[in-house]
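Note that the protein sequences, when read in sequence, are chains A and B.
The opening position of the first sequence corresponds to residue 1 in the working numbering, with each subsequent residue numbered one higher.
The opening position of the second sequence corresponds to residue 1001 in the working numbering, with each subsequent residue numbered one higher.
Just to be clear, a hint being listed does not mean it is correct.
Stated by the list, open to error - With a cut-off of at most 25 angstroms between alpha-carbon atoms, the simulated DSS-like pairs for lysine-lysine come out as follows:
{"#": "1", "chain 1": "B", "residue 1": "LYS1068", "chain 2": "B", "residue 2": "LYS1234"}
{"#": "2", "chain 1": "A", "residue 1": "LYS345", "chain 2": "B", "residue 2": "LYS1244"}
{"#": "3", "chain 1": "A", "residue 1": "LYS150", "chain 2": "B", "residue 2": "LYS1244"}
Think of the hints as simulated: they come from the structure by calculation, not from any bench.
Protein chains: 2
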Amino acid sequence: MIGTEICLIKSSPVPSATPENSNMDTLININLDHGDPVMYESYWRKIGNMCDITFNGYESLSYFANGKSLCWFLESKLEEEIRRLHNVVGNAIVDDYYVVIGNGSSQLIMAALYALSPTNQPHPINIVAAAPFYSSYPEMADFERSELHKWAGDARNYDKDEPYIEFITSPNNPDGVIREPVVNGIQGKLIHDLAYYWPQYTAITSPANHDVMLFTVSKCTGHAGSRIGWALVKDKEVGRKMIKFMEVSTIGVSKEAQLRAAKILGVISDSCVNPTLDNFFEYSQSLLTDRWQRLRQVVKANDLYVLQKYPLQYCLFTKKFYETHPAFAWLMCKGSEEDCEKLLKGHKLQTRGGEKFGSYSRNVRISMLGKDEDFNIFLQRLEAIIQELPDGN
Amino acid sequence: MIGTEICLIKSSPVPSATPENSNMDTLININLDHGDPVMYESYWRKIGNMCDITFNGYESLSYFANGKSLCWFLESKLEEEIRRLHNVVGNAIVDDYYVVIGNGSSQLIMAALYALSPTNQPHPINIVAAAPFYSSYPEMADFERSELHKWAGDARNYDKDEPYIEFITSPNNPDGVIREPVVNGIQGKLIHDLAYYWPQYTAITSPANHDVMLFTVSKCTGHAGSRIGWALVKDKEVGRKMIKFMEVSTIGVSKEAQLRAAKILGVISDSCVNPTLDNFFEYSQSLLTDRWQRLRQVVKANDLYVLQKYPLQYCLFTKKFYETHPAFAWLMCKGSEEDCEKLLKGHKLQTRGGEKFGSYSRNVRISMLGKDEDFNIFLQRLEAIIQELPDGN
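My request is simple: use the sequences and hints to build the entire structure.
See below:
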């Protein structure tokens, strides 16, 4: 779910046919701030009833799941489909890993912090991530004012001779860059947040095999409303502590959401191995590629904005070269004094300013996963801003 | 969900026909420790497909719900059915209250602590509850080692001239007693945990109208696997902070679980107002009454145990007098030195000892909501323990 801190102002559900109006007061607000992945809806509509799942009144009453997993509330069918999908896609090693399920990967981030924080230290452990970092990490580390951990800022500036936990978000939120650990200290524990390490966003170059890896249905399939995330955890004791966190804070995870997620992940795996089905990742690659091409065209046509560039890499899953097409665009307005969020807000485009990511106000993060109509209006307005400027730039 | 801290050792799914064996090594373990409410399954099987709900692949993709609620992730249908059920049952005032939805009431307990803890104080606020108290409260208050709040023990011993938060659990977990605040200080904030204030457990004597009231689907309908709880909150700012807690920790609550819960609560309300349907609360009252009668018979037949007694009260919902039939039995083994949990464990009956509730080891809490076969074996063994003792007592 990375990058989805919610803004309560929803974009108005005005249909795409609504004409854009140059009178600012009547313009609808377009929310590109949060990463609500509704773009994938067209795929799920297209495949028809393959994902239908019915619950009757007497199912899933118990707190307990039916499996034999270390994670006592994890439905065995979901565990099976998670392992299968990773094997099909090749983006993570699952053998000898424990699967821990969470209410979205947010809860797993909190659980991982809890599990990796030493309890025998006089001071909270330092939490770092290289800037620009996911804007929710600082809040997640500190909002409970825990004595176990505290936010310690940009990993690149971390030079303390103390234990620390580093988040490695790869591809990174907000900027889509493939990442490695930055601190590389001997006292470090690592959390690999791999929410976007799926073929629609980036080439799968090798199966990840880190100590703690986080994934989420939200960004993989688009089902953010289900609140299902999972962790692959190498160490049993860390897994146990994460499960304990889930037990105390929510006594597990909705069985309905788990069973539906199992169905959906299963359909995705099927779509990858059965040539008669429409491959989910190829479909979503084409959607993202199209949006990115159109955005780059608008940006290229002027001298006001810069977009992050990405390498072309060979994808082991698609057996083709693929350029990263992140879930967010990390747009820079040229001119070091420019406040890009403010500039776009003036045109009723709600984005998230770079400062929230430990970066500069000349940057903004823009969701690429919203509705078609919103994305189209966004491009129109971005173009219009350029035309309004003196000399058209 | 109150009273449901999970024990990872599940009772074995041996069918009820399995003969009890006097050789202890071959006896199956019967878990009466947690409050898994599977007893209601027979009702949900009986009503057939009235509760069926189907999700297709393209539904509920968004983080956002479709309503206009302050709680931006709350499905409007669920809010509607929560309000309707309280109106039908008459156990809580809903007008002028905000509804906040959570992943079970555990998360709402944490959210309420977060929302009610002052942020401008040098010391954590004291959290208290009158003993015997729900055994998870101390852990929930302290497991994150928050500087916002800390567990301060039995409310009856609280005499500090400092701000505090008091949990009032009514009917109480573990002992089923109807409760009022104990501290009554001017600096107190109250959380009313009303998970068991439903007609199957106790007479509804008046609609509750406290500042923060917590409820859960788990204990109302038996659908613990859905992880749906709700809070009725009088103050908008407190509501906002609870929603913020949910946002940071899990970005909301599964839409599948919410929509299924809406359906189930709706069927319960229907069953209360439509005489052609089998009234859920009357049905579950009869199940609990039967179990309590059989347990009291066993206990009465000897001098080893004592059970809590409850008053007969007029229920505004059923328009009849009803004795409290709690979800847990609070059993006392006579003899001040007796360790009741240990005694029962020796007969492979897993219960929760009184010390975990801030009480004495001569008490145990026993779930009354488990499977029929487990309950039957429990009664057989309880009887057998008596017969094994010298002089049969």
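Comparing the hints with the structure gives:
no. : hint                     : result
1   : B/LYS1068 with B/LYS1234 : holds, 17 angstroms
2   : A/LYS345 with B/LYS1244  : holds, 24 angstroms
3   : A/LYS150 with B/LYS1244  : holds, 19 angstroms
The structure fails none of the hints (numbered hints given earlier).
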